[in-house]
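Enquirer: Protein sequence lines, in the order shown, are assigned to chains A and B.
Take the first sequence: its position 349, counting from 1, is numbered 349 in this note's numbering, and each next residue is one higher.
Take the second sequence: its position 91, counting from 1, is numbered 91 in this note's numbering, and each next residue is one higher.
Just so you know, the hints here were simulated from the structure itself, not pulled from any lab data.
Treat each hint with caution, since some may be false.
To be verified - Chain B is faced by these chain A residues, among others (derived, beta-carbon under 8 Å):
| hint | residue |
| --- | --- |
| 1 | A49 |
| 2 | D55 |
| 3 | L210 |
| 4 | R212 |
| 5 | G403 |
| 6 | V504 |
| 7 | S508 |
Claimed, not checked - Quick look at which bits of chain A chain B covers, simulated, 3 or more residues with Cβ under 8 Å:
| hint | region |
| --- | --- |
| 8 | 332–339 |
| 9 | 412–419 |
Ideal placement from N, C-alpha and C gives every residue a C-beta, glycine not left out.
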Amino acid sequence: MTTTLKPVDAVLVGFGWTGAIMGQQLCDAGLNVVALERGPWRDTSTDFATGFAQDELRYMWRHHLFQNVTYDTLTIRNNTNQEALPMRHLGSFLLGTGVGSGGVHWNGQIWRFLPSDFLTKSHNEQRYGKKAVTDYDLTVQDWGVTYEELEPHYEQFDRLCGTSGRAGNLNGKIQPGGNPFEGPRSNEYPTPPMIQTYAPTLFGQAAAGLGRHPFPHPTGNLSQPYVNPLGAQLGACTYCGFCEKFGCGNYSKASPQTTMLPYLMAKSNFTLKTECEVLRVELSADRTRATGVTYVNSAGEEFFQPAEMVVLSAYVLQNVRLMLLSGIGTPYDPATGKGVVGKNYAYQTMSSVDVFFEDKILNPFIGAGALATVIDDFNGDNFDHAGLGFIGGAYIAGMVTGGRPIEMIYTPEGTPAWGLEWKHAAAKNYLKSFAISVHGSCMSHRGNYLDLDPTYKDVHGRPMLRMTFDFTPNEHKMSDYVTDRAAEVARAMNPREIKLNRRVGSWSVVPYQTTHNTGGAIMGANPTDSVVNKFLQSWDVPNVFSLGSGAFPQNAGYNPTGTVAALTYHAAQEITSRYLKSPGPLVQA
Amino acid sequence: MAGSDERVPADRDAPPGLEAPDLGRRRFLIGGAAAAASISGAAAVGLHDGELGAPPQTFRGAVPWTEGTADVPPGASGTGYLFFTPGEAASIEAIVGRLIPNDEVGPGAVEAGVPFFLDRQLAGRFGRGDHYFLGGPWPKGTPEQGYQSRFSPAQLYRAAITAVEEYVGANFHGASFSKLVAADADTVLRGIESGAIKLTGGVDSKSFFAMLLQNTKEGYFSDPIYGGNRNMAAWKMIGFPGAHYDYKEWVSRHGERVPFEPVGFKGRPGWTEGTT
């Protein structure tokens, strides 16, 4: 039996970064908003206090803050010739759940995409010819939104988080010490960069010696105390080395908890319900309007929540799945290239170079989620791709997020994985080694997509999402090229030895890579090749908005959260200024 | 206000006697009062781990806070084995002793308490397959599709230890693994690691080895509250200072050795009279 609840103005499906941002914007505009989160309530003082936050086993390896795949997972395969099988254990990506979701256990790496990243098709086609954007069956597209349109909203997110960094381009003027390749920023970062430890410092010196342009990684691990526009106060980071996969006990990593919840939770027109999983979006008989959502709580009770507006603010994989389960938009068919929902699923192309010194004590345990010196010389279209046979790129980061010993012991080439030789290598190298990260783009491809699995079901009896994905030759060539550039910096550091960890073979679900899944609910200029318009509004059901990285038509060589947040603010501004006065399509098809 | 009479969901599938650390935590949580900011739903008797059966809650008007609900870690307690039989214990001690042997550089896995750590892990939620999806069907997958067994970790260990001993008995004149000389033991382990040795009982050799090696390193390097990393000797060996929380004054001291003795959640030897 389904209980029908009192109608609300807007229902948010999922309550991480995008749900919190949209919730705050809609509540400030006076709407009555209900957020439904399938995981539990979480907050700093209760769930990741400093007395027990630095627990590698519990949080990283026992997945304490992550989605429990026992109840809901997805199926995976590399191509349509394979049978998709369930992801039975988290590995390649670590899905969030609970209040704050991935915003709790992220690293705090806050990037803006390059202006040319939003014009992946037209920019590369103009510079390198049509073949560059169609080789290897690539299906890259322009975003339908520009860097210039998003800049004020990137700025909003920086002010919210108190991002620590140094501008490289202030209103078109290149600034010393920052990233000279970035798009023009309207303002300096709210707080100065973090202080770099030994390894990132050595990396920066070596990179500069090669004529590269090192700068401090922009970070939501704050260099100093900061009070944001909502009145939330963040503390200075203590470099404890437990950011990624962990909650911050010190209020120094930007998260929905540390930047927004004290403000939002106090609002009388905002209600949060936890342990409530949305099963589907309900549509009107003519399927042009959402009437609300049906959800089930952890006690097994089912409810219908009527709403004027449905905002899909869950993770990309859930947003796409809910659209497919609810019949919003036409599912993508890789055989014909027709349809859009599930199209252009993409990821991130990761590789690294381990660096071993004989006598330099690096103290890798002194770290933070975004503590790095970075070069952006080989990202996006910051370098000439003529004759290289690929588009896209990667940033190269001398990065020390921490020295957590189960995960982060580096041993030289040829060291066995166990036995005395492994133990001796661990003892010898732990303090004197670190990894240079190569964080690469991932273009979209005709065969990479999301749909519903025909066999496997979740605890509610709904089909699991099916992910069909592999790296294309474009990604392999890009990754090899930039990994070689990273190795040049590594060698220039004069270490005893280095070890290249190239991106080899098909995508595997086993080793952790990154939780930067993108696409499937892509944005664009018209409904024939996109799911949502530039304001993240469904072309088919205009009172449904789908937030998050699902909107990315392909993935750039940066961490996605800054762009996810900017797109959310951009959508919220249009909703509150235009849509609420006259609900309907914000862009005419 | 939240109802404080909400029933705490029972552990549906926990074998009796295997949930000691968790039961303690549950009692602790149940003792908490209702969340002041909750307007309906239950007290924050949190099953914080994404488990079904946690009470749904509604929050409005403030960030909630509830006395006695800190999500403290579920450490290992007691002595002796709860999961391993004496025969299995002999096997697993011999196996992990080869994965990380003891010498003057640092402790071996046995000396670090890894078998006890594995026992408590396998007796608890991890062993039951919490955070694993084990539903069928179960066709064999590609290596890229990762773990595809229908076994929970506890079932896998149990079946695998039997299968390893069966292999050793058949190929080494009826011996058991613990009686093998080091070179033979390592040859067997390398064969399981590579998949060259096929184990019986439905055990995928490579999957088992990958899990065992991962869990062994977990027991070796995790906080001592989980029963391994005895005396933090593995941390000492590599130079990891443990659960320190503030390195601000060391950030700019490039190349200097941080002189802190390792510390865990329960402190460190020397903080309590009578500890070693």
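Enquirer: So which hints don't hold here, by number, going up?
Expert: 3, 4, 6, 8
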